[in-house]
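Undergrad: First to last, the protein sequences are chains X and L. Count the first sequence with this note's numbering and you get residues 23 to 219, in order. Count the second sequence with this note's numbering and you get residues 46 to 662, in order.
If you are wondering where the hints come from, they were derived from the structure by calculation, not from laboratory data. These numbers come from a predicted model, not from an experiment. Among the clues, some could well be false.
[As the list claims (entries may be wrong)] What follows is a set of in silico ranges between Cβ atoms, one per label pair, in the way DEER data are often shown:
{"no.": "1", "chain 1": "L", "residue 1": "H527", "chain 2": "X", "residue 2": "V86", "range": "44 to 54 Å"}
{"no.": "2", "chain 1": "X", "residue 1": "D183", "chain 2": "L", "residue 2": "R404", "range": "41 to 51 Å"}
{"no.": "3", "chain 1": "L", "residue 1": "E654", "chain 2": "X", "residue 2": "D186", "range": "42 to 52 Å"}
{"no.": "4", "chain 1": "L", "residue 1": "E275", "chain 2": "X", "residue 2": "V138", "range": "42 to 52 Å"}
{"no.": "5", "chain 1": "L", "residue 1": "L403", "chain 2": "X", "residue 2": "R214", "range": "15 to 25 Å"}
{"no.": "6", "chain 1": "X", "residue 1": "D183", "chain 2": "L", "residue 2": "V652", "range": "37 to 47 Å"}
{"no.": "7", "chain 1": "X", "residue 1": "Y83", "chain 2": "L", "residue 2": "P400", "range": "40 to 50 Å"}
{"no.": "8", "chain 1": "L", "residue 1": "L577", "chain 2": "X", "residue 2": "A110", "range": "33 to 43 Å"}
{"no.": "9", "chain 1": "L", "residue 1": "P400", "chain 2": "X", "residue 2": "D183", "range": "33 to 43 Å"}
{"no.": "10", "chain 1": "L", "residue 1": "T559", "chain 2": "X", "residue 2": "D186", "range": "28 to 38 Å"}
{"no.": "11", "chain 1": "L", "residue 1": "R264", "chain 2": "X", "residue 2": "D183", "range": "42 to 52 Å"}
{"no.": "12", "chain 1": "X", "residue 1": "E136", "chain 2": "L", "residue 2": "N610", "range": "51 to 61 Å"}
Just so it is clear, CB atoms sit at the ideal spot from N, CA and C, and this is done for glycine as well.
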Amino acid sequence: MNGTTTVSLVGVGGQGILLGAAVLAETAMAEGLDVKASEVKGMAQRGGSVLSTVRFGRHVYSPVAPHADLVFATEMLEGLRGLDLLAARGTLVCATTRILPGSVLRGEEAYPEELVGAAADRGVRLMLLDADELAREAGDLRAVNVVLLGAASPVLPFSQDAWDRGLAAAVPAKILDVNRRAFALGREAGARQEVPR
Amino acid sequence: MTPGFAAPSAVPPIGYTLCPVERALFLSGNEAIAQGAARAGTGFACGYPGTPSTEIVEAIAGLDGVRAEWCVNEKVALETAVGASLAGVRTLVTMKHVGLNVAADPFMTLSLTGINAGLVLVSADDPGMHSSQNEQDNRNYARFAKVPMLEPADSQEAYDFLAEAFALSEEFDTPVLLRTTTRLSHGRGRVLPRVPVPLEARAYERDMAKYVMVPQNARRRNRLVLERLEKLRRRAEGSSLNVLEAGTVDFGIIASGVAYQYAREAFPKAWFLKLGMSHPLPHEKVARLYQSVSRVAVVEELDPFIEEQVRALGLPVVGKEAIPADGELDPETVFRALEAFVMRRPPRRRRPVMPPALRLSTPPTPAPGLPVRPPVLCPGCSHRSVYAALRRRDLAPLGDIGCYTLGALPPLLALDSCLCMGASVGMMSGFNKAMGRKAAAAVIGDSTFFHSGVTPLIDAHYNESEGLVLVLDNRTTAMTGHQGHPGTGLRPDRSQGPVVDVQRLCEGIGVRCTTVDANDHKALDAAIKAELETPGLGVLVALAPCVLMTRERAGTVTVDDERCNLCGLCLDIGCPALAPGEVAMTLTEACTGCALCVEVCRRGALVHEAADKGRET
């Protein structure tokens, strides 16, 4: 709304959602945009669902919005949950990673498998990619968040230079190279994606 | 006319009980509160001394059937009181106005959890600051916490209102604030004693959704509090404590507490709305006063508490532009303040505008059919072994605030309460005292222990409480992201300061204390067993650094597919590294090798191999 783009990042505590959000926010700032971000942490490292929202545009007022234009999910169940966050005709970039919640581990519930169908039903543009594999290829499984950013980068209005500056600003120096590689691998994979409608 | 010497009204003020003089007692307000509380079945009373509240606990200490204690401070007093209330005993807790600031942490959340047996908190305010550092008006706390408030106006009411307060507390599942002021607490008047109130048994029932205030439970309770407030308002409308007294002139006064007496004496011919239950304000009763008279004043000491609410109804009223907003009132001050107003031309009549019903937010509906993903204790977390040991025992583990609060979630479900920082120890103290045995244990983290667990431990020692305090010492403030605290000496700039040793601190207090390696599951279990079998109060420090800080593997656990029959017993400890596979359990790479699952497996299907120099199980 009002020329403001809303991006939500969802995943499981410990998957680097907050860092992913920081890279996105820094990149938007490197483009000279106004940015507001909001995160719910506290229990973020303890394996619970995590949600972080980044909003950017010429001037951003509210730090939160009811719906996002783009949702990043570092885990499939969280991606499915994240469909509710998406505005009409939004895009979901989702890792094929599965992290089973306690109730599924204990056999009380089944892990839901309907992501592709549910996304199609809602007219959501879905990019699914094996981000775990690409992160491992980059050199660290924990770079899944940045792989997804790379994959979605063609959809976002940022130059490669802005992404570079965003990564450098948000990522600690000793893991910057791994994350640069992760971003590049994600970007390639994203460009290859056939996007089901 | 000098107001103090106005002819007494022919009609005795309502609220007085005219009684045969030979049966009447002559009690201070504080003594009347004590006797009224005892008559209402109070079994436990506690507080911290503070003028003008002090004599209540002193007076109740000598009465039959009441155990009275001085606590180390008002916060601990309220938490101890909550423990006794949960255990099923009607409880009175007393403090002066500023004391409620100290007790505000448990007080605000107690409004959400509610109580079991009735709990009445007496706040003794001190208008005029006879012996206080400020003049805060604690009626604001009733609004702040959304709890009912009673304001007796004389000793007889102080006596009578206690029974009403306890009844309200139990009927509406809420703490009740009973506000007195210096002139009531330290004034004396006739009191006609009444027959004791019959009590119904209120056995403790575990109810995590009600007593464990983690966010998802607290959100639900908060909505109940908002609904409760409207039910209480309807009660205030019909309550015999809120009386419309007819006068003979076109002038009405709204007043509560001792200010009512001043106003009544100054204006004997006026109409009165006397509020004994002054929060929530009965709007309809206020409107009815305006149907009878065209000029209305609010006479209250300190803040325009009632006045602002009347104004919000769109009704013309005289208040703090005439009545002093600081200091004490008296009949003459009230008379002088309102004398001119009584003669003035009445304001144009207006209809009250009743506030609309509160709208509540739409709670987010979780996507149907999707498994929720609550936060969990990490694989290898040492807290898990404490809960595994506690779950085997007939014990109410009263919790506190930190990562270990996650022990309340499925499948562990190992905590009975979580009220506020440091509440577990005081609550255990009151609970066990009311139960007469070690029925509860306190579970508190190291950082929370330093925050506000030390004072209730001193209190429990001084008051000879029984129980086991488990300090889950993971050497950090883990939940918020591993900050330092006095037990580690670490500062925000990562420099190292002096360290306070928990065990030596406890021993310095005079409390028995043992430290045990929390990763040594058998030793921990044995230490808990030994402590529970020893009479008195003991602290067990379950020590193991947070697994997120050490990132150490204590070895590897493997599954013997032949022996594992997927019974699921190991899943009860809620470790996210364990998952049932096709033929046997499987362990994910998140496993740290803590081997707690090996302990709980009855078939020897899980095998631990220690790290190079790790422990052997």
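Undergrad: Now look at each hint and say whether the structure bears it out.
TA: Comparing the hints with the structure gives:
no.: 1; hint: L:H527 <-> X:V86: 44 to 54 Å; result: 27 Å, violated
no.: 2; hint: X:D183 <-> L:R404: 41 to 51 Å; result: 49 Å, holds
no.: 3; hint: L:E654 <-> X:D186: 42 to 52 Å; result: 46 Å, holds
no.: 4; hint: L:E275 <-> X:V138: 42 to 52 Å; result: 47 Å, holds
no.: 5; hint: L:L403 <-> X:R214: 15 to 25 Å; result: 54 Å, violated
no.: 6; hint: X:D183 <-> L:V652: 37 to 47 Å; result: 54 Å, violated
no.: 7; hint: X:Y83 <-> L:P400: 40 to 50 Å; result: 30 Å, violated
no.: 8; hint: L:L577 <-> X:A110: 33 to 43 Å; result: 60 Å, violated
no.: 9; hint: L:P400 <-> X:D183: 33 to 43 Å; result: 57 Å, violated
no.: 10; hint: L:T559 <-> X:D186: 28 to 38 Å; result: 56 Å, violated
no.: 11; hint: L:R264 <-> X:D183: 42 to 52 Å; result: 44 Å, holds
no.: 12; hint: X:E136 <-> L:N610: 51 to 61 Å; result: 32 Å, violated
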